[in-house]
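Peer 1: Chain by chain, the residues:
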Amino acid sequence: EAQVTQNPRYLITVTGKKLTVTCSQNMNHEYMSWYRQDPGLGLRQIYYSMNVEVTDKGDVPEGYKVSRKEKRNFPLILESPSPNQTSLYFCASSFFAGREAFFGQGTRLTVV
Amino acid sequence: SQQGEEDPQALSIQEGENATMNCSYKTSINNLQWYRQNSGRGLVHLILIRSNEREKHSGRLRVTLDTSKKSSSLLITASRAADTASYFCATDPNAGGTSYGKLTFGQGTILTVHP
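Chains X and V, in that order, are what the protein sequence lines are.
Residue 5 is where the first sequence starts when you use our numbering, and the numbers rise one by one after that.
Residue 703 is where the second sequence starts when you use our numbering, and the numbers rise one by one after that.
FYI, nobody ran anything at the bench for these hints, they're computed from the structure.
Careful, some of the hints might be misleading.
Stated by the list, open to error - Keeping only pairs whose Cα atoms sit at most 25 Å apart, straight-line, the calculated DSS-like set for lysine-lysine is: (1) X:K22 - X:K69; (2) X:K69 - X:K21; (3) V:K728 - V:K758; (4) X:K21 - X:K61; (5) V:K804 - V:K772; (6) V:K728 - V:K772; (7) X:K75 - V:K772; (8) X:K69 - V:K804; (9) V:K771 - X:K73; (10) X:K61 - X:K73; (11) X:K61 - V:K804; (12) V:K771 - X:K61; (13) V:K804 - V:K771; (14) X:K75 - X:K61; (15) X:K75 - X:K22.
So here's chain X without its partners, still in its complex pose:
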């Protein structure tokens, strides 16, 4: 089944403890992206990747890192999480940038 898989689905962590949210797609998509969704703010893009080893900042990249070493994986790294990073995170992929995007089921992160 074609899908984008995020893990974990739910995570509660403490301020400053490094964490990684994984994202994997099995559709051979070139383009992958991370978004965060907050009430009243809609979805905001964190980072995106046009292809392997090519990443770029979205609208809200501060406090996040990404890497794209393989086509199928695009992990989101929070080196030192803070409470303002409490949010619902979505990974998405598409064949190319600007095309129909497929979304993962989301990761609800709480930083206390």
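Add chain V to chain X, keeping to what the hints say.
Peer 2: Here is chain V on its own, set in the frame of chain X:
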């Protein structure tokens, strides 16, 4: 920055009625897309309309695009309770015909369809 802005923020209708949601954006685009999100779940792609298209249909969905006004509308005809969800427009900003890679979402319209 928010490229797309949906209107209204919330819409409540009865089953069988039509629902219309609007989206305005600021910059030139390659295409505009509409997505649906059921409570807290991942977004699902509904329809994509290119900048050189004016109208597109998919089942009970009708999307229009007016690039001169930088606006789009999504019409859901004969709505059902199962259409209850949040609907988002997303724009792919134009970079000389290619994509910047920054698919940008609006804040969404919450649609409630009462049985």
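Peer 1: Look at each hint and say if it fits the structure.
Peer 2: Structure-based check of each hint:
{"no.": "1", "hint": "X:K22 - X:K69", "verdict": "holds (11 Å)"}
{"no.": "2", "hint": "X:K69 - X:K21", "verdict": "holds (14 Å)"}
{"no.": "3", "hint": "V:K728 - V:K758", "verdict": "holds (21 Å)"}
{"no.": "4", "hint": "X:K21 - X:K61", "verdict": "holds (23 Å)"}
{"no.": "5", "hint": "V:K804 - V:K772", "verdict": "holds (18 Å)"}
{"no.": "6", "hint": "V:K728 - V:K772", "verdict": "holds (7 Å)"}
{"no.": "7", "hint": "X:K75 - V:K772", "verdict": "violated (34 Å)"}
{"no.": "8", "hint": "X:K69 - V:K804", "verdict": "holds (17 Å)"}
{"no.": "9", "hint": "V:K771 - X:K73", "verdict": "violated (41 Å)"}
{"no.": "10", "hint": "X:K61 - X:K73", "verdict": "holds (17 Å)"}
{"no.": "11", "hint": "X:K61 - V:K804", "verdict": "holds (9 Å)"}
{"no.": "12", "hint": "V:K771 - X:K61", "verdict": "violated (29 Å)"}
{"no.": "13", "hint": "V:K804 - V:K771", "verdict": "holds (21 Å)"}
{"no.": "14", "hint": "X:K75 - X:K61", "verdict": "holds (18 Å)"}
{"no.": "15", "hint": "X:K75 - X:K22", "verdict": "holds (24 Å)"}
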